Amino acid sequence: MRQFIWQRWSQALAVAGLLAALVGLAAPGLLGAALAQEPLTLTFWHYWDGVNGDTLDRLAQEYNAQHPGVVVEPVFIPNPELLSKLQTAIASGDTPALAIADVIWMAALKRSGGLAPLDSFITASGLDLSDFYASQLDFDRFEGQLYALPVSTNNLELFYNKDLFRAAGLDPERPPQTWDELVEFGQRIRQADPSKFGYELFTQGGEGTTWQFQVFLWQLGGEFLTPDGQPAFDSPAGVQALQFWSDLIRTYQVSALRPWGLFGSGDAAMVMDGSWMVQFFPPQINFELGTARFPIPSGGQPATNMGGEHIFILKGDPAREQAAFDFIQYFTSTAVQVQWDQATGFTPVRRSVAEDPGYQAWLRDTQPLLIPFVESQQYARARPSVPQYPEISAAFSRQVERVLQGQATPEEALAQAAADVRAILAGP
Amino acid sequence: MSPPKALAHPPLLSTSLQGFLVAFERHDWPSAFVCLLPVALIFGLFNIYPALYSVFLSFFRWDGFNLQREFVGLDNYRTLVHSGAFWHSVLVTFYYASGATLLSLVLGLALATALNSNLAGRTIYRTLYFLPVVTPMVAAGVVWQRLFDPTHGVINGALSWLGVTGPNWLSDPAWAMPALILVGTWRRAGFNLVVYLAALQAVPRIYYEAARLDGASAWALFRFITVPLVAPASLFLAITSLIDGFQMLDLVFVMTNGGPLDATNVLGFYLYQNAFRFFKLGYASAVAYAIFALIFLVTLVQWRLVGRRAEVAYQEAA
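Protein chains in written order, with our numbering: chain E, 1 to 428; chain F, 1001 to 1318.
A portion of the hints provided could be inaccurate.
Output of the computed footprint for chain F on chain E, the stretches with three or more beta carbons under 8 Å from beta carbons of chain F [claimed, not checked]:
{"no.": "1", "region": "84-91"}
{"no.": "2", "region": "386-400"}
Some chain E residues near chain F, calculated using beta-carbon distances under 10 Å [to be verified]:
{"no.": "3", "residue": "Gln204"}
{"no.": "4", "residue": "Arg258"}
{"no.": "5", "residue": "Ile424"}
Dumping the calculated EDC-like pairs for lysine to aspartate or glutamate here, alpha-carbon to alpha-carbon at most 20 Å [unchecked claim]:
{"no.": "6", "chain 1": "E", "residue 1": "Lys162", "chain 2": "E", "residue 2": "Glu173"}
{"no.": "7", "chain 1": "E", "residue 1": "Lys315", "chain 2": "F", "residue 2": "Glu1209"}
{"no.": "8", "chain 1": "E", "residue 1": "Lys315", "chain 2": "E", "residue 2": "Glu73"}
{"no.": "9", "chain 1": "E", "residue 1": "Lys162", "chain 2": "E", "residue 2": "Asp267"}
{"no.": "10", "chain 1": "E", "residue 1": "Lys85", "chain 2": "F", "residue 2": "Asp1063"}
{"no.": "11", "chain 1": "E", "residue 1": "Lys315", "chain 2": "E", "residue 2": "Asp119"}
Just so you know, these hints were derived from the structure itself, not from any lab.
Source: prediction; values computed, not measured.
Glycine included, each C-beta is placed from N, C-alpha and C at the ideal position.
All chains, please: the whole structure from these sequences, using the hints.
Quick look at the structure:
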């Protein structure tokens, strides 16, 4: 009996061992196979789907054809998962060679210790950084080093409904140019049809509210945070901008507290939205769409906010890092960026792309709605690239909401927001 | 709200579980061990390990990226206890969970009583009421958002037809949570209905017949026979609904984003926000354990208070 049990246990252990061996052997086996047959494979994680993803695949194929020693392999990972996958990869050390991330994630990524600084590669390659819009690189700099480069961007300008303009007796080719006109035109829209709103504000809080508000603040010459990262929005410019938002709803009744989407459904005549909507609005609306530079307050200056993706190298052996940088140099080059922007509708990250005659002709002939966005990219400002930004944005937008809900004056709300932001920056 | 989990196990797992049961009965421990191994590995890797790992994380300050984690001891728990936002979320969660539980229990029992009669097309109604339980909540949330639209929504349309000016539902801090409770009730009532229907069918007909002979009214039948005799089902449903309510996140995510002014910032959303928007993984892990402790506590209290009474009521009525 004892011997029988011993036999059974050894059988059990053998089966368990076999299972473990199967799992354990498979991985190095595959790895060995990959190592045996060069060339160097550069895995590139991204979340671009549809046309954007197809275009990237095409650009990578062209690159691979020209560079026999290297295979750039774009891997699509859905947007909500990319960040956590990068987290896991960096923590485990099993990283892709390249990846892109939303500008907002760069704050955490560049501090993670998992990205390779680009400075020495840039110096060695002679890449001219001054051609990139300077504010773009604010997202990529940390402690004097550059950890990423912009590959795509977008910004916020005015969209308007030409049909509603016509119905209100407004010239559909003459969008508002000042805040006063924004109010005046908005009121004309409401008078013509009280069920329509003049201008749609993002009132639901979070980053949607904060990043739109920043444009109004910057236009008035205000700042969101000081250069050393302390609250700067509790300023006369901040109060004026917030008062204007409150007035749009409460005094002029041009805007309303509603879930986002009034402009798209034809219930609001004007909205501030991103350049990507030049593609996304047309199939979902049944009115004639116009775009324009966003109205400016009297005595103010042009300004806009931007998003986009930046590309970076994950730390690896020197050969992999160098090969990855070579691809970045190709991808960010003017010629490739012109192709990329024309295929995807992203706005240019480099001046030479915006001024490229071929690109400009393409804009005029096929994408005239995109022109205001391309023109204003030079005025785009970067949101503070600090890891606490999402929490700061949530605390800030909560105070904006309080004013819009009639629970606080702009002065009170901004003072409270400044106190909250200081507490967030001081840490828990 | 979890619809009943899929009954079919992957073949490997069900085979190995069957093997385990056979071996266990025969006291053949080695075979039992081997048969249990796949299940234990999978359950351990995907359930137990992450749960334990988040205990570990709750003692650190970590943004999820940095290769260095900072050990902070009980700091995250201390921050949590002193955080106004956390306690606000606890209140908001209680508001949602108790509201949706109460309404869905009442509605579920009312519907079950109605369907327990010899109504024509009973199975059709039962299926219809059960549909929300198996509808993906993200899709349903988008539709409900439309229904709650203050200008074009069907709900305010119907209200204005009755001469009532409907509220600015999802944009009004006072009305956003009632709106979510309505949706939560809608999604839960069908499940409660099915459980109640089963409970009702176990109530012997003779009780009703005897009471009717004594001249009891329909309300009295319901109040003194139905309600106490389905009390065990009510307890089960109250506990599971409340737990579901505590874990609710999807509706907030789709419909209100925690707003307006944090009026719908339930604990699940608060946890999500801290973990995946603010990248405070240590703190979020502490929040997760606080939610666990709260659910445990509430269930215990419910069990002690209602459980005993349900038993007593059941025995007295029977």
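Tested hints:
Counting residues of the region 84-91 of chain E whose CB falls under 8 Å from any CB of chain F gives 5; the rule of at least 3 is met. Note: the region 386-400 of chain E has 6 residues with beta-carbon separation from chain F under 8 Å; the three-residue rule is met and the coverage holds. With a cut of 10 Å, the hint placing E/Gln204 at the interface with chain F holds, because the nearest CB-to-CB distance is about 6 Å. Here the hint on E/Arg258 is kept, as its CB sits about 6 Å from the closest CB of chain F, short of 10 Å.
For the restraint placing E/Ile424 at the interface with chain F, the shortest Cβ-Cβ distance is roughly 9 Å, inside the 10 Å limit, so the hint holds. The straight-line distance between the Cα atoms of E/Lys162 and E/Glu173 is roughly 8 Å, inside the 20 Å bound, and the hint therefore holds. A distance of roughly 79 Å separates the Cα atoms of E/Lys315 and F/Glu1209; the hinted pair therefore is violated under the 20 Å criterion. With a C-alpha separation of about 17 Å, the suggested pairing of E/Lys315 with E/Glu73 holds against the 20 Å cut-off.
Proximity of E/Lys162 to E/Asp267 is assessed by CA-CA distance (about 13 Å); at most 20 Å being required, the pair is judged to hold. At roughly 14 Å between alpha-carbon atoms, E/Lys85 and F/Asp1063 fall within 20 Å of each other, so this suggested pair holds. The hinted pair formed by E/Lys315 and E/Asp119 meets the criterion: a straight-line CA distance of about 14 Å does not exceed 20 Å.
Of the numbered hints given earlier, the model fails hint 7 alone.
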